[in-house]
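> Read top to bottom, the protein sequences are chains A and B. Numbering-wise (our numbering), the first sequence opens with residue 13 and increments by one. Numbering-wise (our numbering), the second sequence opens with residue 2 and increments by one.
A hint or two may mislead.
[Said to hold, decoys possible] Here chain A is said to cover these stretches of chain B; the calculated rule only asks that three of the stretch's residues, wherever they fall, bring their Cβ under 8 Å from a Cβ of chain A:
| # | segment |
| --- | --- |
| 1 | 13-24 |
| 2 | 109-119 |
| 3 | 193-207 |
| 4 | 270-284 |
| 5 | 302-308 |
| 6 | 321-327 |
| 7 | 349-358 |
[Stated by the list, open to error] List time: in silico DSSO-like cross-link candidates among lysine-lysine, alpha-carbon distance up to 30 Å:
| # | chain 1 | residue 1 | chain 2 | residue 2 |
| --- | --- | --- | --- | --- |
| 8 | B | 202 | A | 330 |
| 9 | B | 285 | A | 330 |
| 10 | B | 36 | B | 97 |
| 11 | A | 283 | B | 186 |
| 12 | A | 283 | B | 202 |
| 13 | A | 330 | B | 4 |
| 14 | A | 330 | B | 186 |
| 15 | B | 36 | B | 4 |
| 16 | A | 283 | B | 36 |
| 17 | A | 330 | B | 97 |
| 18 | A | 283 | B | 285 |
Derived by calculation from the structure, the hints in this document are not laboratory data. Glycine included, each C-beta is placed from N, C-alpha and C at the ideal position.
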Amino acid sequence: MNPPILKAMSDISLRLTVSPPPHWRSGRTIQGMMRAHLLALAPAAVMAVVMYGVRAFAVMGMAGTAAVLTEVICLLLQKRDVDIDNYSALYAGVLFAFLLPATAPWWLAVIGGALTIALGRTVFGGFGCNPVCAPLVAWAVCRFSWPGAMDIDLNLAAYMANSPVDQLMHFGVSSLGQFDYMDLFMGRGLGGLGSSQVVALAAGGLFLLAAGWIRLFIPVGFLVGVAGTAAIYWAIDPTAYADPMFHMVAGSTIFGAFFLAPDTASSPVGKIPQTMFGLIAGAMVVIIRVYGVYPDGVPFAIMVANLLSPLLERLRPKYFGVR
Amino acid sequence: MLKIHYSLDQKPADSIRDLEPPKVLNISVRNLVLKTRKGAVLAKGDQVAEHPSPGGGACHAAQGGKVKAVNYHSLTVQCTGGEETVAPVDVASMGKGSELLRALQELGVDVAPLTGSAEVLVVNGLNPEPGVSVAQQLLRDGGEELRAGLEMARKLLSPSRAILAVSKGEDVSIPGAETVGIRAKYPYSLDALVVRTVTGKEFPEHTRVINVMDLFDLGKVTLTGLPVTETFMTIDGHNYRVPVGTPVRHILEVLDLKAAPGDTIVLGGPFRGESIYSLDQGVKKEDYGMFITSSDAIPEVQDAACMNCGECVLHCPARVLPHLISRYAEYERFEEAERYGLNSCFECGLCAFNCFARRPLLQYIRFAKAQIRAKGQGTQS
Chain A
13 MNPPILKAMS DISLRLTVSP PPHWRSGRTI QGMMRAHLLA LAPAAVMAVV MYGVRAFAVM
73 GMAGTAAVLT EVICLLLQKR DVDIDNYSAL YAGVLFAFLL PATAPWWLAV IGGALTIALG
133 RTVFGGFGCN PVCAPLVAWA VCRFSWPGAM DIDLNLAAYM ANSPVDQLMH FGVSSLGQFD
193 YMDLFMGRGL GGLGSSQVVA LAAGGLFLLA AGWIRLFIPV GFLVGVAGTA AIYWAIDPTA
253 YADPMFHMVA GSTIFGAFFL APDTASSPVG KIPQTMFGLI AGAMVVIIRV YGVYPDGVPF
313 AIMVANLLSP LLERLRPKYF GVR
Chain B
2 MLKIHYSLDQ KPADSIRDLE PPKVLNISVR NLVLKTRKGA VLAKGDQVAE HPSPGGGACH
62 AAQGGKVKAV NYHSLTVQCT GGEETVAPVD VASMGKGSEL LRALQELGVD VAPLTGSAEV
122 LVVNGLNPEP GVSVAQQLLR DGGEELRAGL EMARKLLSPS RAILAVSKGE DVSIPGAETV
182 GIRAKYPYSL DALVVRTVTG KEFPEHTRVI NVMDLFDLGK VTLTGLPVTE TFMTIDGHNY
242 RVPVGTPVRH ILEVLDLKAA PGDTIVLGGP FRGESIYSLD QGVKKEDYGM FITSSDAIPE
302 VQDAACMNCG ECVLHCPARV LPHLISRYAE YERFEEAERY GLNSCFECGL CAFNCFARRP
362 LLQYIRFAKA QIRAKGQGTQ S
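In isolation and in its complexed conformation, chain A is listed as follows (with noise of 0.2 Å):
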């Protein structure tokens, strides 16, 4: 136990707390941050379950709850406080959800949902230390061990409708006349449980946009990326790339411009940076749809671009003063 510290003067009739300054502060808390996020997902949640049935709602609810477990024994492990109230391990565990196909088995959603906490964040130093988006790692280490029950055009092969992204890799730009934009746009394109709700992933965005939770710089700067990557290939040639509207919706730009690439830990900080980052993961997704092997280039893109954020951190304006 630490000695008593006598101060002059000290008072125990009325107890003042002592703060550092400021003593007003924004009064924006981790807590009410994530909060928001699981709010601005809960629209694409609630559309996930209506397309997929309650499949959808059983695989979000497995890998946020092996997320939160992880995260319990891991701060045990660690023996730091069980901070699990601030929904950043529910968070994340959704958001690794919502990349799965909606008929992925009970233990790729629980193995998914422990991997982001436990190698995603917890190696790395727990929240906020993560170098690479959490879900991703979890999503890239799946992917790769269990590639059949990854496949989201494979696994939901009963549906009638057909992915995108994949129609585009292995069909080429010819077949994507089946699709009516628009129906992609409201989500009626397979893909990732939820990372497909087109609309309700934009209009949670747009939620976090507004209530000042994310900035402008990454989402802009990456649906630019996106957009204008696509329409420099388009321009080069129209019957072998397909157009930028094409990339804007299909996939999970939307969910990655609005949830991934945002993510506080993994990408920098600074406007330049900022919007450096969200530039080069875009231009990176259209050009992993181009050339890749994979079908939807948001996750890896997104991961390429966290690798380059400390380097773009280094893009920064000189400190006041400093000439």
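Chain A is fixed; fit chain B onto it per the hints.
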């Protein structure tokens, strides 16, 4: 309900009010050189302590009385209400030079910004922080003292330009200074940002800043020859003339303010002020406000890890990286903290204000600066 705002433009409603004099003074003498002892009988204006730094102003008794107790922290004076005062020093007629500086210092003026010479003298006439209206009040009501203060400052520094910075739209001036309007929004009232607005340069050389409160004190000392023994504070929306050393308990009693256990009482402003731990603590010369924040109004500071959201960097007017500075300061790696802009920081507090993780960023920054300063002194001696 606490209303948080950044606006600095709050026109004082009435004139400066006097506070009923306290029976006891608790003069803060922490880090000062004591010049009196227990049992001594003081007249009003008697020097009680000197400042150890080269330019720092001395500290005086605001009322006559007997020194009842002294410790490392404060000096308690039991006031007798005696009328006898010290003899005035005629500083107005003294010639420019070290003798005049010394005399001013003895009378409680911090002469560090008045030493040497400067090309530009900026008078910062903005209210220092939201909720404080002392600067606007003094600009409106303290014309004579401000004129005398500016004359004295010009005599000491002989600048080629003197500029008074006020809130935009405010129609005030001091003879001898050109008036410049500045957007009245925190943090634009801070010296470094005021100087940038009026000169267009960041941390320019040969430029001195003095705020209106200090200029008023300088002017009053020049006019009366008596030491500085009172400060002006915004309390509950009004401006009061408060003797230095007045215990906070006395202010609360006289003005019928209530503080509940767990509340925070701040001397100074809401962004940069110091929270007190005891109601017996006395008001200091540089305090310009008193605020009571109830314990449930604001989520408390936490010893949490940074999660790299970047809000502090996006809000920082000095363009430094508070998230990295605080992490290095936390692990006592102060040299690395300097690499991320520690020396450019002018301590506005907006980083900690906006921190989602509720980290005490401004505290870490001040801690790092103090440690580096202490280390520098250690190697010199």
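> Compare the structure with each hint and give your call.
Against the structure, the hints:
1. 13-24: It is violated, with 0 qualifying residues against the three required.
2. 109-119: As far as the segment 109-119 of chain B goes, the hint is violated, because 0 residues have Cβ atoms under 8 Å from chain A.
3. 193-207: holds (count 3)
4. 270-284: n = 12 at 8 Å, threshold three: holds.
5. 302-308: n = 5 at 8 Å, threshold three: holds.
6. 321-327: It holds: at least three residues are needed, and the segment 321-327 of chain B offers 3 whose Cβ sits within less than 8 Å of chain A.
7. 349-358: holds (count 8)
8. B:202 / A:330: holds, 14 Å
9. B:285 / A:330: Between residue 285 of chain B and residue 330 of chain A the Cα gap is close to 36 Å, so the pair fails against 30 Å, i.e. violated.
10. B:36 / B:97: holds, 27 Å
11. A:283 / B:186: Holds. Residue 283 of chain A to residue 186 of chain B sits at ~22 Å (cutoff 30 Å).
12. A:283 / B:202: Holds, at roughly 23 Å.
13. A:330 / B:4: violated, 34 Å
14. A:330 / B:186: holds, 23 Å
15. B:36 / B:4: With a Cα-Cα distance of about 44 Å, the restraint between residue 36 of chain B and residue 4 of chain B is violated, given a limit of 30 Å.
16. A:283 / B:36: violated, 53 Å
17. A:330 / B:97: violated, 40 Å
18. A:283 / B:285: violated, 40 Å
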